[in-house]
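Trainee: Chain residues, written in single-letter form:
2 protein chains.
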Amino acid sequence: MTAARNLVVAQSGGPTCVINNSLRGIIEAAREYEQIGTVYGARHGIEGVLKEELLDLSAQSEEQVALLRTTPVAGSIGTCRYKLRERQTEDFQRVIDVFRAHQVGYFLYIGGNDSMDTANKIAQLAQQQGLDLVAVGVPKTIDNDVGDSQFRLIDHTPGYGSVAKYWMHMVQYADQENKGSCPADPVLVLQAMGRKIGFIPAAARLADPRRETPLQIYLAERAVPLEQLADQVSDQLRACGRCLVVVSEGFDVGDLGKVTDAFGHQSFGSSRMTVAQVVVNYLNGVGLPVKGAARGNVAGTDQRHSMAYASTVDLEEAYAVGAKAVELAATGQGGYMATILRNPGPGYSVWYDRVPLAEVANSERQFPQEWIAPSGIDVTDDFVRYARPLVGEDMVSLPLSGGRHRLAQFEPTYASQKLPPYVPQADRK
Amino acid sequence: MTAARNLVVAQSGGPTCVINNSLRGIIEAAREYEQIGTVYGARHGIEGVLKEELLDLSAQSEEQVALLRTTPVAGSIGTCRYKLRERQTEDFQRVIDVFRAHQVGYFLYIGGNDSMDTANKIAQLAQQQGLDLVAVGVPKTIDNDVGDSQFRLIDHTPGYGSVAKYWMHMVQYADQENKGSCPADPVLVLQAMGRKIGFIPAAARLADPRRETPLQIYLAERAVPLEQLADQVSDQLRACGRCLVVVSEGFDVGDLGKVTDAFGHQSFGSSRMTVAQVVVNYLNGVGLPVKGAARGNVAGTDQRHSMAYASTVDLEEAYAVGAKAVELAATGQGGYMATILRNPGPGYSVWYDRVPLAEVANSERQFPQEWIAPSGIDVTDDFVRYARPLVGEDMVSLPLSGGRHRLAQFEPTYASQKLPPYVPQADRK
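So the sequences go chain by chain: C and L. For the first sequence, the working numbering begins at 1 and goes up steadily by one. For the second sequence, the working numbering begins at 1 and goes up steadily by one.
Incorrect hints may have been included.
The list makes no distinction among identical chains, and a pair is therefore deemed to hold if it is satisfied within one copy or across any two copies.
[Stated by the list, open to error] Here are the simulated DSS-like pairs of lysine-lysine, each with C-alpha atoms no more than 30 Å apart in a straight line:
hint, residue 1, residue 2
1, 291, 179
2, 418, 179
3, 83, 196
4, 196, 51
5, 196, 291
6, 196, 418
Quick caveat, the hints were computed from the structure, so don't treat them as lab data.
Full structure from sequences and hints, please.
Mentor: Okay, structure coming up:
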């Protein structure tokens, strides 16, 4: 029997409400396999591997690991947006060196398409260099943009169900607010995340599956001129006196977002007006057919970390897909992403399987065109049937202490560093 | 024995998570007094009185009234920002006429300082005209700006505890996000409501009463030049690599908020950049002493309607103060506001009392200077001791149906209109 080899898990990209529950699934499942030794969390994602900053997750208390379930965001081990510098191969080589130095036989990468690509390349390089490494991907994004448009590679990504539930609730409340504060503020514009893909703004429809609310949804996938948007909002106002507008942050408003501040600065990305502001300004500029003004709300990062709105289904699935990834790793099934697939039939149920990392990396999911309603400003019942089960039936119960949310807090126990510090060629003088 | 007279309740100003629980307290308490007949809700606040749109709340089902507890915002009967046109006295006269026509003997006004003033004036006019009307105020604001700075008239307003809890949680999560996504985004700027008064941004401190987080709080009450803000943030970054900045929407950034859009428009109020944007742009413009950039988040109206974060204490008190107002009304104690006062001593407990409307209307609460820390960018432990009990110990339990939040929905049963439509002099041709 060969000695146990260690496992490294890293998180990549924007956080979600349930990303830490995948981490918990990994930590707990790894205990079941004697071939897996210590579980390390790479601090701040793959950068932690480069810097040899490996947090010992096996040394953490049961209690803290359990708290990961309801600890949103990636604060515990951190994430990164760092992309390994592929051409230089230096970064990749360093990853292999660090893994070798720490007897790492299993690498789990939690992330989106890019991360699946990275995991795949690391696996290939390891093989070329004779390092026995099993690399497995764990899907995660709020955008639900991993995999293919036919949902064959994955039905939905952990993280999406929770942001969908957030939007379901927020639109219910915004509708109340709009109804209650009308006629002073007859139009409320809400901007949703999801730069390129419309699953998040589409989830607004879950707030009102029977279409009783004057709700218009503007997706990046269906750009219309602001003139048309204003006409459609005006029609709604004439019909019922108020209108809720949900707009994707990726909705094209052309150059209208560009602004000049009092310094004449135009250089910072953040000096652009938000899409919601542009829409609000435009509506107020052309004038509404009723009294009052349009107002806007830009939901921030809270849509990916507002834990009280996390979906219980999403939490459960995030855990299970993490555990599945460990099973794949422990049984030598490298080069795959653990995935969630939906059973056909009327009820909602899923099973967990594997799909090749390379296939995921090379696919690009789009929001199904047939789920956009003919009006262009709504989604269909098929979308509702797809998304509704993902938000679950119950609110999550949060552990509090002194009124505050008890969040997982890890002891800073790191693997001792065995290599000289990493200084990439480009950074050397 | 005289016949029962009816009660009208109206809501004014911005909504809160618990405003409808005061309404529930009023509806349920009114049943206990035989001198109170039908309870009417004025649709969209005092405007509903002018328009004689009086929703019959006594006719609503038990179930719907019970759902008011967890129905945020004022969607059920609506609120308004309409201020009665005092000089013309026309509006006031109309209110009296409508009350007389509908045998209204009790008027309960849920709102802030202005509303207490209005309630008082209506009571005075009624008396002059021989209408037997008891007017009682019910306090409500998220800003906690009702009453006096010494907390003698009221300890805190219903609505504040819930927004404070929202901020407690959001700063906990933002801290996780900042910790997890650092070093890419080392500075996170969060903008809080409360244009003139700092109770809302101050509540950020509840997330971290032991001061373990690199948190700086900028109140409108302590304006500093942006240069100084940037220096302070830079110091924090040099000390620990990251910084959370909570800034009041009323923090003075001078002309820096003014922008010109691509049309050269500058006329809409909403073409101003938000305070958070200005701060983020400034920080990125002068440059941070570490890698990465500052990012901003502007919390929207969700801070006053994100029901999952409502404070259980706030809910309970909002109900009780509504019930207290009915007791005052039924026992002929007009010209008062029902109030919440805190018992001295180590534990937290309150009692409900009355204070003259005129005193409330003429007072202006300020955030106590002595609760601002010497650094100017923090609040003291005395503030924490004041605010901490208001957020409660538990999460509220929300009733769901098909995953969605079950919100109160009233039958549109209105009192039959008895007067000709109201057309103010100014609107007549």
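Trainee: Are the hints correct? Go through all of them and say.
Mentor: Now the hints, each set against the structure:
1. 291 with 179: within (14 Å within a copy, 45 Å between copies)
2. 418 with 179: between (62 Å within a copy, 26 Å between copies)
3. 83 with 196: within (20 Å within a copy, 44 Å between copies)
4. 196 with 51: neither (32 Å within a copy, 47 Å between copies)
5. 196 with 291: Between copies only: 27 Å across chains, 34 Å inside a chain, cut-off 30 Å.
6. 196 with 418: neither (42 Å within a copy, 56 Å between copies)
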